[in-house]
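Student: Residue numbers (the working numbering), protein chains in the order written: chain A, 3 to 308; chain B, 484 to 752.
Honestly, the hints are just simulated from the structure, not real lab data.
All values reported here derive from a predicted model rather than from experimental measurement.
Glycine is no exception: its CB is placed at the ideal position from the N, C-alpha and C atoms.
Mixed in with the good hints there might be a few duds.
[As the list claims (entries may be wrong)] To spell it out: a stretch of chain A is covered by chain B in this simulated footprint if at least three of its residues, at any positions, have a beta carbon under 8 Å from a beta carbon of chain B; those stretches are:
| id | stretch |
| --- | --- |
| 1 | 134-143 |
| 2 | 248-254 |
| 3 | 276-285 |
[Claimed, not checked] Only part of the chain A face toward chain B is listed, based on derived beta-carbon distances under 7 Å:
| id | residue |
| --- | --- |
| 4 | L7 |
| 5 | F26 |
| 6 | L153 |
| 7 | I268 |
Residues per chain, in single letters:
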Amino acid sequence: MRRFLLRRLVLLLPVLWGVSTLVFLVTHVIPGDPVDLMLGETARPAQREKLRKALGLDRPLLVQYGEYMGGLLRGDLGTSLHQKRPVAALLLERAPATAELALAAIAVTLAVALPLGVAAARRAGSIIDLAAGALAVLGASLPVFWLGPLLIIFFSIGLGWFPVSGRSGPLSLVLPAVTLGMALAAILMRMTRASLLDVLPQDYVSAARAKGLTERRVLWLHALRNACLPIITVLGLQLGAMLSGAIITETVFAWPGVGRLTIQAIAARDYPLVQGCVLFIAGIYVAANFLTDLAYAWLDPRVRLD
Amino acid sequence: MRRKAALWIGAAVLAALALSAVAAPILSPHDPYAQRLAEGLAPPGGSHPFGQDKLGRDIASRVLHGGRVSFLVGFSAVFVSALVGVMVGAAAGYAGGMWDEAVMRVTDVFLAFPGILLAIALMSVLEPRLSNVAISLAAFGWVGYARLARAQALTLREREFVAAARAAGARPGRVLVRHLLANLLSPIIVEASFGMAGAIVAESGLSFLGLGVQPPEPSWGAMLAEGRDFLLIAPHLTLFPGLAIALAVMSLNILGDGLRDLLDPTQKR
Numbered sequence: 003m004r005r006f007l008l009r010r011l012v013l014l015l016p017v018l019w020g021v022s023t024l025v026f027l028v029t030h031v032i033p034g035d036p037v038d039l040m041l042g043e044t045a046r047p048a049q050r051e052k053l054r055k056a057l058g059l060d061r062p063l064l065v066q067y068g069e070y071m072g073g074l075l076r077g078d079l080g081t082s083l084h085q086k087r088p089v090a091a092l093l094l095e096r097a098p099a100t101a102e103l104a105l106a107a108i109a110v111t112l113a114v115a116l117p118l119g120v121a122a123a124r125r126a127g128s129i130i131d132l133a134a135g136a137l138a139v140l141g142a143s144l145p146v147f148w149l150g151p152l153l154i155i156f157f158s159i160g161l162g163w164f165p166v167s168g169r170s171g172p173l174s175l176v177l178p179a180v181t182l183g184m185a186l187a188a189i190l191m192r193m194t195r196a197s198l199l200d201v202l203p204q205d206y207v208s209a210a211r212a213k214g215l216t217e218r219r220v221l222w223l224h225a226l227r228n229a230c231l232p233i234i235t236v237l238g239l240q241l242g243a244m245l246s247g248a249i250i251t252e253t254v255f256a257w258p259g260v261g262r263l264t265i266q267a268i269a270a271r272d273y274p275l276v277q278g279c280v281l282f283i284a285g286i287y288v289a290a291n292f293l294t295d296l297a298y299a300w301l302d303p304r305v306r307l308d
Numbered sequence: 484m485r486r487k488a489a490l491w492i493g494a495a496v497l498a499a500l501a502l503s504a505v506a507a508p509i510l511s512p513h514d515p516y517a518q519r520l521a522e523g524l525a526p527p528g529g530s531h532p533f534g535q536d537k538l539g540r541d542i543a544s545r546v547l548h549g550g551r552v553s554f555l556v557g558f559s560a561v562f563v564s565a566l567v568g569v570m571v572g573a574a575a576g577y578a579g580g581m582w583d584e585a586v587m588r589v590t591d592v593f594l595a596f597p598g599i600l601l602a603i604a605l606m607s608v609l610e611p612r613l614s615n616v617a618i619s620l621a622a623f624g625w626v627g628y629a630r631l632a633r634a635q636a637l638t639l640r641e642r643e644f645v646a647a648a649r650a651a652g653a654r655p656g657r658v659l660v661r662h663l664l665a666n667l668l669s670p671i672i673v674e675a676s677f678g679m680a681g682a683i684v685a686e687s688g689l690s691f692l693g694l695g696v697q698p699p700e701p702s703w704g705a706m707l708a709e710g711r712d713f714l715l716i717a718p719h720l721t722l723f724p725g726l727a728i729a730l731a732v733m734s735l736n737i738l739g740d741g742l743r744d745l746l747d748p749t750q751k752r
């Protein structure tokens, strides 16, 4: 396991370097002048020159790249132009809210996907299976920027059960978490059903039944445990979709996380902050994929030998 | 049989949506840009079946015209993504060695950006134009096609018909285009239908965030963003554009599922 861990860590380094370089290229090499976008085309040359200097854009590209990479290695993501504070500090302030939302969304995903997936597999071809399939198609087709407002209309405005927006206690977490978790729940439910259908005809499942175990025990303890590898993989891979979904969900519910910070930074044309946010989200995604790999290897020793 | 029916339903709904988008100038009951401020936020009824927005513009007409933006951007983004991805991936899989390794490492980097994050980053520095939205979506969309085409090419290059073409003296370029590409189209078509659904959601998402098509141009995402401020008093502003997105995405997902069963029976569940 230690060798596997080391090998995966070494493979991670070029990806992290590539990600930081791509973010630099996007914000520095793409045609179009960020100074123009920030100040508008009517700005005076002196104003433009001052901002160009503040952003470090007056120096050769390679020097800018060297300083950018050096800063990253020291954990320095630059300073926000508008808030005049280090980008890293702003990100660390907002990260707990995003983490809270993501964890709650994963909880919603598992609470919806596993029971429905198990029920659909247990009664494959039945009305329950059909209904679960239809629900999965529906869940995967509702964009978060529509589902969010719909939930607000019904549950906040109509029934008054939850706050419309903001982060003010556990109740305010429910609607954003459901919004964010629903698409992943749809995918995971289909995966759970498919994995279980692969596992259920196996001999050890028949053996468990022959021992006289209840159907619930057979399904949840024996079959699901062995069907969970592809489920974990999908969950890990879909975390990325969840992170980018968080950008929109946080905007819909005015949730004060990194996603909302990203959009606020873009609206304010605060490029160092935009750059920091994008790097942060991509970094979390890379780390989540890495942990998925580790979980996979831990659960299935054959993976370590590949 | 049930799956085939679903495929036809998906195709029919998609065709109806696409046709209504194409024929929007004829089908629209009103000018999508015409403002009637005194009738702002009017509920559905009369000659405005979906109601009117805050500026009194007809929502039905704007939903129809918004479909043009969504389908145009979705189709362009998927076409460019598939073209670039398939060429790069198939060439990598067929050639192998250094080229394959280099392409895979580059795709690793692109795959480290979750969902539409790269498109959001690109649109933060590009002018919010239709063509730029399609380019930014294709900038991360090509990777999936490249991986898929590479995996297919790796299998296909060992097959007898490829060896036969090589033995007959065909040059690598010809083998790639005439023999490999023709045989890896099925999974690409399936991927493209899911990709189109993703591109429509992504375009609407960018417009919702204010990074896509700009007002007064009608776009489903931008209409949802406008409706957000009036959820309490005029939920119809949010209901209809969202319904259009959900219908388009659902029909494409159902179509993709059906095509996968039809073209690639090994993937059937």
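Student: Look at each hint and say if it fits the structure.
Tutor: Hints versus structure:
| no. | hint | verdict |
| --- | --- | --- |
| 1 | 134-143 | holds (count 4) |
| 2 | 248-254 | holds (count 4) |
| 3 | 276-285 | holds (count 4) |
| 4 | L7 | 18 Å, violated |
| 5 | F26 | 11 Å, violated |
| 6 | L153 | 11 Å, violated |
| 7 | I268 | 4 Å, holds |
The structure is inconsistent with the numbered hints 4, 5 and 6, although it conforms to all the rest.
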